[in-house]
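> Take a look at the letters that make up each chain.
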Amino acid sequence: MNTNEILETINMIDNEDLDVRTITMGISLLDCMDSDVKKSTQKVYDKICRYAGDLVKTGEDISKEYGIPIVNKRIAVTPIGIVSGACQTASPIHFAHALDKAAREVGVNFIGGYSALVHKGFGPGDYALIESIPQALAETDFVCSSVNIGSTKAGINMDAVKKMGVIVKKAAELTADRDCIGAAKLVVFCNAPEDNPFMAGAFHGTGEGDCVINVGVSGPGVVRAAIKKSGDGCTLDEIAELIKRTAFKITRTGQLVAQEASRRLCVPFGIVDLSLAPTPAVGDSVAYILEGMGLEQCGAHGTTAALALLNDAVKKGGVMASSHVGGLSGAFIPVTEDAGMIEAARSGALTLNKLEAMTAVCSVGLDMIAIPGDTSPEIISAIIADEAAIGMVNTKTTAVRLIPAIGKKCGEELNFGGLLGGGPIMEVNQKSPAAFIHRGGRIPAPLQSLKN
Amino acid sequence: MKAVIAVIGKDMVGILAEVSSTCAAKKVNVLEVTQSILQDMFVMVMMVDTSACTVPFSELSDSLTQLGTQMNLKIHVMHEDIFNSMHRI
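In order, the protein sequences belong to chains A and B.
Throughout the first sequence, residue numbering follows our numbering, covering 5 to 456 in sequence.
Throughout the second sequence, residue numbering follows our numbering, covering -5 to 83 in sequence.
Just chain A, same shape as in the assembly:
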């Protein structure tokens, strides 16, 4: 029995916000397809309730037994665009309501998978599903939506990009009375992972099994505390080593929880997503880690380099701690969910341009960024296209989750509360990309895709 190790673990949980961010159960709905929408939605509801009935209780039991907080229990399902394609005459919105009802019944925090994969073209149910996203997000509480509009292998579907600019804006408009929260539950991806346990982008890919348990870890507070303790004299390679050691410990916790959840629920273990996911709680911030490395404020020159070091060290430390690593795995930079980023955006140190550069070296993209409500759909599409291009060329996942703050301007704030946080509306370059976006078509896959 090593008292120091025991106290170190307890200190991480009590004072440094170590937690397992989510246990996400992936459920395939491919066997719920039916040309009759009533039958199909009933099958969806029944299957989710049957498979995930014990998910929340099991999560709570594990949390209590091991003394580690498990913040969220979530469900990811097969992209509904595939399932709803079988009932061409009915609106896919019925599926959104079925998912919401099932999520409420089993008591999870979110259910992801109101999604379409259209990186090369629209399948039978995809266009109708995309059209229904704003209404679905406005009328449900738990449903999250994502659309994959590009990949390194397929290029970028610019028709889908054009459409998504309109959809993101409409999702915000329909929920304008609730701080435009609809748009906060919608992610536009390039290279979307099929086993991501984090919302709003989680869905259960078609290559996955019938049911699987994926776990997302967290722990920016632990990494920040470790850097702070190391003092100012450390070189960057010593900091990288320190982050690796810390990431290893965090990920081992996730691996333990994943294995235990898998055993108790009799569902195969999928992956551990070794991400540093911040929360609005002070101290649990990725920006503070970067500042701890020596930047005056996140967004200063040097931020991209510091983030690259952090992202790489997290992966190197985490990968040995888990038997299967997947999902997004890296550092997240969601602006409204990170106390340090919110401060940096308020003070003007962190801009949209800097965030775009940062997304080239971290695990996600432009995440949880409030933009002026009068931003045109074409500009939103163009921001999506830029991010998708970074993802496509660098063979990495990029995502865009922008929240057009309807009726508000730069400098005003949105407040979602909870894990989604809140923050200032950031300035957007208003020069028009409309003619470029309206051309439509596809941006061909880059040379990097020709690896065969």
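If you are wondering where the hints come from, they were derived from the structure by calculation, not from laboratory data.
Some clues are possibly wrong.
[To be verified] Here are the simulated lysine to aspartate or glutamate pairs, EDC-like style, with alpha carbons at most 20 Å apart: (1) Lys319(A) x Glu245(A); (2) Lys4(B) x Asp18(A); (3) Lys68(B) x Glu69(A); (4) Lys20(B) x Glu69(A); (5) Lys4(B) x Glu12(A); (6) Lys61(A) x Asp56(B); (7) Lys68(B) x Glu9(A); (8) Lys68(B) x Asp18(A); (9) Lys320(A) x Glu245(A); (10) Lys(-4)(B) x Asp65(A); (11) Lys(-4)(B) x Asp145(A); (12) Lys21(B) x Glu53(B); (13) Lys68(B) x Glu12(B); (14) Lys412(A) x Asp181(A); (15) Lys105(A) x Asp145(A); (16) Lys(-4)(B) x Glu26(B); (17) Lys21(B) x Glu69(A); (18) Lys(-4)(B) x Glu9(A); (19) Lys232(A) x Asp214(A); (20) Lys(-4)(B) x Asp56(B); (21) Lys(-4)(B) x Asp181(A); (22) Lys68(B) x Glu12(A); (23) Lys233(A) x Asp18(A); (24) Lys61(A) x Glu53(B).
Starting from the known structure of chain A, arrange chain B on it as the hints suggest.
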């Protein structure tokens, strides 16, 4: 299974007695105890065997947490695997 009970707080008379009698009442066997004073804080770590425990683990955990609140101490009860997996390869 083995669990770790960690007690942290201000030193006072009867901490060990209270914690161990709560354990004994539930047939939890104390295997090892170590205690020290770190910067005026009392720190006690106990390794216990809960295989004969008469109540579910969550109930044991709740009653010790409650005891901690009464005595103005922080008491954690955790499965030993969390420490093994975090600190051992």
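> Evaluate each hint against the coordinates.
Here is how each hint holds up against the structure:
Taken as a hint, the lysine 319(A) and glutamate 245(A) pair is honoured in the structure, with Cα atoms around 12 Å apart against an allowance of 20 Å. At roughly 17 Å between alpha-carbon atoms, lysine 4(B) and aspartate 18(A) fall within 20 Å of each other, so this suggested pair holds. Of the pairs offered as hints, the one joining lysine 68(B) and glutamate 69(A) holds, with about 16 Å between alpha carbons and a cut-off of 20 Å not exceeded. This hinted pair checks out: lysine 20(B) and glutamate 69(A) have alpha carbons roughly 16 Å apart, not beyond 20 Å.
Simply put, lysine 4(B) and glutamate 12(A) have alpha-carbon atoms about 19 Å apart, close enough for the 20 Å limit, and the pair holds. With a CA separation close to 16 Å, the supplied pair lysine 61(A) and aspartate 56(B) stays within the 20 Å bound. With a C-alpha separation of about 17 Å, the suggested pair lysine 68(B) and glutamate 9(A) falls inside the 20 Å cut-off, and the hint holds. For the suggested pair lysine 68(B) and aspartate 18(A), the alpha carbons sit about 10 Å apart, so the restraint of at most 20 Å is met.
Between lysine 320(A) and glutamate 245(A), the direct Cα distance comes to roughly 9 Å. Compliance with the 20 Å bound is thereby established for this hinted pair. Proximity of lysine -4(B) to aspartate 65(A) is assessed by CA-CA distance (about 16 Å); at most 20 Å being required, the pair is judged to hold. As the CA atoms of lysine -4(B) and aspartate 145(A) are separated by approximately 41 Å, the hinted pair breaks the 20 Å bound. At most 20 Å may separate the alpha-carbon atoms for a hinted pair to count; lysine 21(B) and glutamate 53(B) meet this at roughly 13 Å.
Among the hinted pairs, lysine 68(B) with glutamate 12(B) is consistent with the structure: their alpha-carbon atoms are about 14 Å apart, no more than 20 Å. For the suggested pair lysine 412(A) and aspartate 181(A), the alpha carbons sit about 12 Å apart, so the restraint of at most 20 Å is met. Under the criterion of a C-alpha separation no larger than 20 Å, the hint pairing lysine 105(A) with aspartate 145(A) is consistent with the structure, at around 9 Å. Between lysine -4(B) and glutamate 26(B) the alpha-carbon distance is near 11 Å, which keeps this suggested pair within the 20 Å criterion.
Restraint check for lysine 21(B) and glutamate 69(A): the C-alpha separation of about 17 Å stays at or below 20 Å, so the hint holds. Among the hinted pairs, lysine -4(B) with glutamate 9(A) is consistent with the structure: their alpha-carbon atoms are about 16 Å apart, no more than 20 Å. Note on lysine 232(A) and aspartate 214(A): the hinted pairing is violated, with a Cα-Cα distance of about 44 Å set against a maximum of 20 Å. Proposed proximity of lysine -4(B) and aspartate 56(B) is supported: the alpha carbons are some 17 Å apart, at most 20 Å.
Between lysine -4(B) and aspartate 181(A), the direct Cα distance comes to roughly 52 Å. Violation of the 20 Å bound is thereby established for this hinted pair. With a C-alpha separation of about 15 Å, the suggested pair lysine 68(B) and glutamate 12(A) falls inside the 20 Å cut-off, and the hint holds. Simply put, lysine 233(A) and aspartate 18(A) have alpha-carbon atoms about 17 Å apart, close enough for the 20 Å limit, and the pair holds. With a C-alpha separation of about 15 Å, the suggested pairing of lysine 61(A) with glutamate 53(B) holds against the 20 Å cut-off.
Checked against the numbered hints above, the structure breaks hints 11, 19 and 21 and satisfies the rest.
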